[in-house]
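Q: Going down the list, the sequences are from chains S and P.
Going by the working numbering, the letters in the first sequence line up with residues 3 to 258, in that order.
Going by the working numbering, the letters in the second sequence line up with residues 3 to 258, in that order.
Bear in mind the hints are in silico, worked out from the structure with no lab data behind them.
Mixed in with the good hints there might be a few duds.
Copies of the same chain are indistinguishable here, so a pair counts whether it falls within one copy or spans any two.
[Stated by the list, open to error] Taking lysine to aspartate or glutamate pairs in the EDC-like style, the calculated list, with each CA pair at most 20 Å apart, reads: (1) Lys216 <-> Glu195; (2) Lys207 <-> Glu69; (3) Lys251 <-> Glu230; (4) Lys216 <-> Asp86; (5) Lys181 <-> Asp142; (6) Lys206 <-> Asp63; (7) Lys181 <-> Asp63; (8) Lys34 <-> Asp67.
There are 2 protein chains.
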Amino acid sequence: MKKEKLILVTNDDGITSPGIRTLIEAVETLGKVVVVAPDSPQSGKGHAITLGFPLRLNQVDIFGDIEAWTCSGTPVDCVKLARDKILERAPDICVSGINHGANHSINIIYSGTMSAAMEAAIEGIPSVGFSYLNYDYEADMTTCGEVAHTVTKKMLSTELPKHTLFNVNIPDVDAKDYKGIRITRQANAKWVEEFDERRDPHGKKYYWLTGEFKNQDTGNDTDVWALENGYTSLVPVQFDLTDYRLMKKLEADWRF
Amino acid sequence: MKKEKLILVTNDDGITSPGIRTLIEAVETLGKVVVVAPDSPQSGKGHAITLGFPLRLNQVDIFGDIEAWTCSGTPVDCVKLARDKILERAPDICVSGINHGANHSINIIYSGTMSAAMEAAIEGIPSVGFSYLNYDYEADMTTCGEVAHTVTKKMLSTELPKHTLFNVNIPDVDAKDYKGIRITRQANAKWVEEFDERRDPHGKKYYWLTGEFKNQDTGNDTDVWALENGYTSLVPVQFDLTDYRLMKKLEADWRF
């Protein structure tokens, strides 16, 4: 008999977000699901880990028969704790999301959703993060659920390199305008920040981060292009950050 | 007259750490230095940004004539706020560190030191993070200061791609065994976690992150190899995380 697949589900919006519920429903027919997710919103936490404080785990009963835990730390802490303290073996896949908001292009660097998935991939667990280009918690996530089911099923039935990691973003378009999944690269983009400066009741300044997204990439093979044209983008991701081109040039040119 | 170079100094250990003082002293003869650093230790914060809370900036007078600010946020917040609210123009370079502890190989992903430098590089500011393979705040950082001076001076006097980012790690060896700077790639490595499980005075479990570093890379061109052999490692870093090899394979093989 084939062994049932073990699926770790996590996210960064926290265990009560609609996105993680959609994701659980999307993958629960594909194997045994275990959920380990932050007990509070952890958006923008990137690949942060908790070093200066201890962590808590609490089992919760909010997804019917599905085993679920909250963790007091970051999304990456969730994956580390799941592996060491909760799961009896390495899962066959880690799925993260569905994030309420985009994680395409440079956003992958800041994203707790993607960092959780990356942590699992570093561990040798094929992983995928799903994000929806809509921040509204009331938004209809039907297409997102279908995409999550399709991609997860495909990953579970394919022989993939063990460090495989996908960044999947789903466009916010009407069903009639939705065009399917496209394999893309990470667009070259950045945020231009403008902090909103205010004064507290004591007259002291404080600052809220605000910013405007700038796509600097004109290619039609990027995640941003795909999303703007009604496609779900799927970027295969790796975490060797070496710039090999510059490395070669420096080896030839630089003497210390 | 040549315009004086503008140098942004930051770190993740916080503004009172010996490492940032060493770094300031190493680069202050190379241009005008402005320091914007966290007001508290931010190790392991990765590329986290602060979304749910406002941020504070406070000017401090602890480095003689040098303009210095503390920021209540993460290392990446420091760079964003420096750019938008403190510096009159884009700096010519951002230097981060000197971190008390290693940031070679996969540690770059978790490192606040390197994430601060990466944030500046995303902004188009050539940047470098320095880390010392010694966690002791009392450690002699003479070699570190010399390396920081040499690398920063070289970067300021070279035409570099504007997104240039270097991850520099300095070995903890006696001066007589130190061999100089070597250009390397990021070693393939990971952490194997074992959470230390304890019980609080109320009988409830909590967990401290502990872990063991595992180098899985036998190459002699890696940062880990260089450090083990008495060299400072310099890895050129980029932040396009696309796995182009897997992308090509998927484009050929995958149909949804």
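Q: When the structure is checked against the list of hints, which entries are broken? Sort them ascending.
A: Structure breaks hints 3, 7.
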